[in-house]
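Peer 1: Protein chains in written order, with the numbering used here: chain A, 1 to 292; chain B, 293 to 592; chain C, 593 to 1037.
Worth double-checking, as some hints may not be accurate.
What the hints assert, rightly or not - In silico lysine to any residue, SDA-like type, Cα no more than 25 Å apart, as pairs:
1) LYS280(A) <-> LEU389(B)
2) LYS399(B) <-> SER235(A)
3) LYS788(C) <-> LEU389(B)
4) LYS675(C) <-> TYR143(A)
5) LYS147(A) <-> GLU359(B)
6) LYS401(B) <-> LYS147(A)
7) LYS401(B) <-> THR39(A)
8) LYS842(C) <-> PHE780(C)
9) LYS675(C) <-> SER235(A)
10) LYS705(C) <-> TRP448(B)
11) LYS1037(C) <-> GLU359(B)
12) LYS705(C) <-> GLU348(B)
13) LYS788(C) <-> ARG450(B)
14) LYS401(B) <-> ARG14(A)
15) LYS401(B) <-> SER235(A)
16) LYS765(C) <-> MET967(C)
17) LYS398(B) <-> ILE45(A)
18) LYS986(C) <-> GLY720(C)
Quick caveat, the hints were computed from the structure, so don't treat them as lab data.
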Amino acid sequence: MNSHKITLIRQISRLQRNTRNLHIWLTLYGVLILFLLFTVSPFIINILAAFKNNTEISKGVFRLPEEWLWTNFVKAWMQARFSSYFRSSTIVAISVVSVSSLLSALSGYAFARMKFHLSRYLFIVLLLGMMVPQESYIINLYYQLRKIGLTDTYWGLILPQIGMSVCFGSFWMRAAFSEIPGDLEDAAKMDGCSSFDILWRVMLPLVLPAVLTMAVLFFVWTWNDFLLALVMVTSESLRTLPLGLALFQGRYARDIPLTSAGATIVSLPIIILYLTFQRKFMRGVTTGAVKE
Amino acid sequence: MITLAKGRKILRGTASQSWVAYLYIFPSIAIYAYFILWPIIQTIRLSVFDWDGLTEPVFIGMKNFIELTQDQILHQALLNNLLFIPFFTIFPIAIALFLTALLTRKKVKGFNFFRAAFFLPQVMAMVAVGIVWRWIYNPTFGPLNQTLTFLGLENWTRPWLGDFSFALPAVGLAATWVQYGFSMVLFISGVQHIDENLYDAAKIDGANEFHQFWNVTLPGIRNELSVAMVTSIIAALRIFDLVYVTTRGSPGMKTMVASLWLYRNAFQINRVGYASAIAVLLTLIILVLSYVLLSEGSKR
Amino acid sequence: MKALTRFVCYLVLVAMVLTACAPAATAVTEPTKASIQEVTLVVWDVLASPGETAIIEKLQTDFLAAHPGVKIDRNAKSFDDMKATAKLGLSSPDGPDVAQINQGLSDMGALVKAGLLENLTPYAQKYGWDKKISGGLIARNSFSTDGKMFGQGNLYGVSPTSELVGVFYRKDKFEEYGLNIPKTFAEFEDILKTLKEKGETPIVAGGLGGLAATHFYAEILNVYLSDRAYLDDLIFARNDQSWDTEVQQKAAEKLQEWTENGYFTKGFEGTSYDDQGSLLENGDAVMMLAGSWWSSTLAASPISEKFGFFMLPPENEGAYKMTVGGTSPAYAIRANSTKKTLAAEYINWMISESSAKVWANNGTIPLTYVDPSTMPAGSLIADLLTAWNTINQKDEVGHYLDWATPTFWDTLTASLEELMAFKITPEEFTMKLETDYSAYLTSLK
């Protein structure tokens, strides 16, 4: 009789516990989902808007469009010249990412594995570059580049951004290379490898994940840049996507679906890149910030 | 014997390594120096001149800096930057802490999904963020007012971006929306480094979830907290893209910010020397704040 | 490893190639292998919208047909672009021979001061440009040789098209309520009152950014001014005038009165300028007090025949009243251009009667006179042409107030926003304007 009661009591208390747990879980997920909605709804309504036509916009935000109009995207691409902006952004981003990655690997390696007098000071100088805001040099950069004719050119966008990127890049690659134990290098040296060979054949493959993370970050920062493009670029043919989108407002502003399509085109490549490389992204952003 | 040989090898290596090291570093330093460092130095130089970008610069000593102290628009702008700070730091960090607590103390299904989703706004170009939120706040066609009306809360509707009281908070909300993902990811990675034993010890002492969070988690992510604070405060001081695309400083300077005023002076009003002075001021503020906050953080 | 190296090198190579192939667009144009017969004229203009581009290309084709051996290298920029790059371009020997420059001290004036613009007075006399343009218009494109005095001296620019600010209205709504085009200001205010009583929004307003309010205020001010001397003095920085005057306070009061009566779109403070057209089209408002640059947008609307235009009327019927307006940025000639004669020919072509007809047929008001009766009766362009011809002939072309000082745009828009939000009184409003202006006048001395 007693043991039966005890089992029953145990069962009831377990049920109570589970119900309480259930409540907790429900609240937990409920809150998470609420925030999820808040985070994601601007994206969703923007994409929905891109598929509607102008009159539908005023009718209902979360309503699905009657017809999924791809025409807005086509119009943005062709008439509103987003194809040109896309090309510019791609050219600049790929150039910046490839060159910056290469240079950062080189200097990061030097800082990490080589001894030379000015090592410390040069590194601090580069670190400083990470802390100063764009606003501190953008004005003069414009006039400087104007004097040598680089304003309103791709170089005027690429080179400064390489300069900005190698600061973080050198710091990042230095940290990455530092993690590799020294024996590897010594072994390679004893095998008679030249210093460059050591870098290319031995060290670099080991830090490839770090390089990839860095490259992804460079790509996003470059793609999303606005102030530099705003100051440097005046010809429409050189406009990058953020610049094109911002100035695009003026001319086609009353066409909300078109603008939404434009905003989607600007964000989509980055979102795809992000979803592919999620983990790297977050690791890059957080470790980079903390190590600072 | 071998050690000696090794030692000598390393020494020799160092000597010949020196020039190689400089060779490797040279391209980075060169580009950085020419495109970033030199313009910074020039900006400092220009701040004591009066220049319209076209004719000859005229040396005027500290006049620009004196004008800084009298410039009402600049004062309002700096005040606005200050007002933006809560939207970049306090609110996002609070939300981030809350979300971190939700996601890390128990095994949540879909952890990766939630983490990825909350971080998503961070990767969008600020320009795109501004464009989307500008539409959200549109008084006639925008989702916010439409939803409010739909819910029967029509007298809560406002001309958000044009409202003297709500324009800044409206832009601030967009900033918060972008920012909490960053801090959250930071905190989550920090939490993962906290020793489980600390939590067990706390549980034994009878601490509930909230106490555990307060006494174990928070101190454990001290570093991450200070990093989050510093980066977000700097972001608040540098805000440009978002304001440019949404309000450009309207209404009545209520959303004007330092970097936008700097830009207007340099490239539209053609007062390059004065704009350089603003740049110097802004940079000093940012550098000093960073230094103070970071050393505070590491001390604690 | 080798694969990675190859990949990286490939990436870098691709990047370099793409950069090299991409049009690294600068102002620099044709290689200097110009044959004796072939001359290339470099033109920079701000006619970048699709509609304007079509018109300019037609006009240029005709010009080229009439001038064999000439090539035109045209670079169309946005208004902001031009502002930022004009100085650079005009100081360069490879720069534009002809460029469209914005009027005003900070743009045209600065360029004159730097000696970059050619004096066009001789050409004006040669081609008879001075007969086509009212005195007021000539003044606003004139500067003293040192670029300091605005509104007098030599002519430095001539514009191809014009613009003015007035009231676009829904003809169908006017008919519905039995309203006629007002001949006096009082009649206009009656219309406002009637529409409001009927539950309509009388005037659409997109206040975000501040542009719309500057036009509202300027137009109301114009109603109360009986001649142009005061405003001319203010804009051209002559005779130490003040903004803190009774007439300005009266205008400010009127603007507040209209706001309070709810004559403007609800939520106008947060509505963007460019939404005005849509709102007017949707019937969310009956009138739009804005510039004629809206004409092509409205003409392209499916209900375009429902739009009409009239100028804000004076207090007394037929009295003198300025109307905010002006010309598009003016064609100017680079001072050290080697093709000045050709450049002048180009400009003359662009403002000729035949070119003017093309502009008018496409819905834009040209500078040069076009007979409104040659346009479809009752069309928007006919209304606009009639209005423009009137103010051009009667020297009633008014000013854009933000021209007063380099910082006036910020001061004016911010103060107007505060005024219309009832944060400041009309007296405080005019005081704010005057503070900016007097500081500016002092700096000029």
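Peer 1: Verify the proposed pairing of LYS280(A) with LEU389(B), using a straight-line Cα cut of 25 Å.
Peer 2: 22 Å, holds
Peer 1: For LYS401(B) and ARG14(A), compute the direct alpha-carbon distance and say whether it is at most 25 Å.
Peer 2: Status holds; Cα separation ~22 Å.
Peer 1: Need the status of pair LYS675(C), TYR143(A): alpha-carbon distance at most 25 Å?
Peer 2: Holds, because 15 Å separates the two Cα atoms, which is no more than 25 Å.
Peer 1: Holds or violated: LYS675(C) and SER235(A), Cα atoms, limit 25 Å.
Peer 2: Distance ~12 Å between LYS675(C) and SER235(A) Cα, so the pair holds.
Peer 1: Measure nothing beyond the straight line between the CA atoms of LYS765(C) and MET967(C); if it is 25 Å or shorter, mark the hint as holding.
Peer 2: 24 Å, holds
Peer 1: Do the alpha carbons of LYS788(C) and ARG450(B) lie within 25 Å of each other, as the hint requires?
Peer 2: 21 Å, holds
Peer 1: Below or equal to 25 Å on CA atoms is what counts here, so check LYS788(C) against LEU389(B).
Peer 2: 52 Å, violated
Peer 1: Taking 25 Å as the top limit, are the C-alpha atoms of LYS401(B) and THR39(A) close enough?
Peer 2: Holds, because 19 Å separates the two Cα atoms, which is no more than 25 Å.
Peer 1: Need the status of pair LYS401(B), LYS147(A): alpha-carbon distance at most 25 Å?
Peer 2: 58 Å, violated
Peer 1: With the threshold set at 25 Å, check whether the alpha-carbon distance from LYS147(A) to GLU359(B) stays at or below it.
Peer 2: 29 Å, violated
Peer 1: Does LYS842(C) pair with PHE780(C) here, judged by a C-alpha cut-off of 25 Å?
Peer 2: 17 Å, holds
Peer 1: Take the C-alpha atoms of LYS986(C) and GLY720(C), compute the straight-line distance between them, and say whether it is at most 25 Å.
Peer 2: Holds, because 19 Å separates the two Cα atoms, which is no more than 25 Å.
Going down the numbered hints, you'll see the structure goes against 2, 3, 5, 6, 10, 15 and 17, while the others check out.
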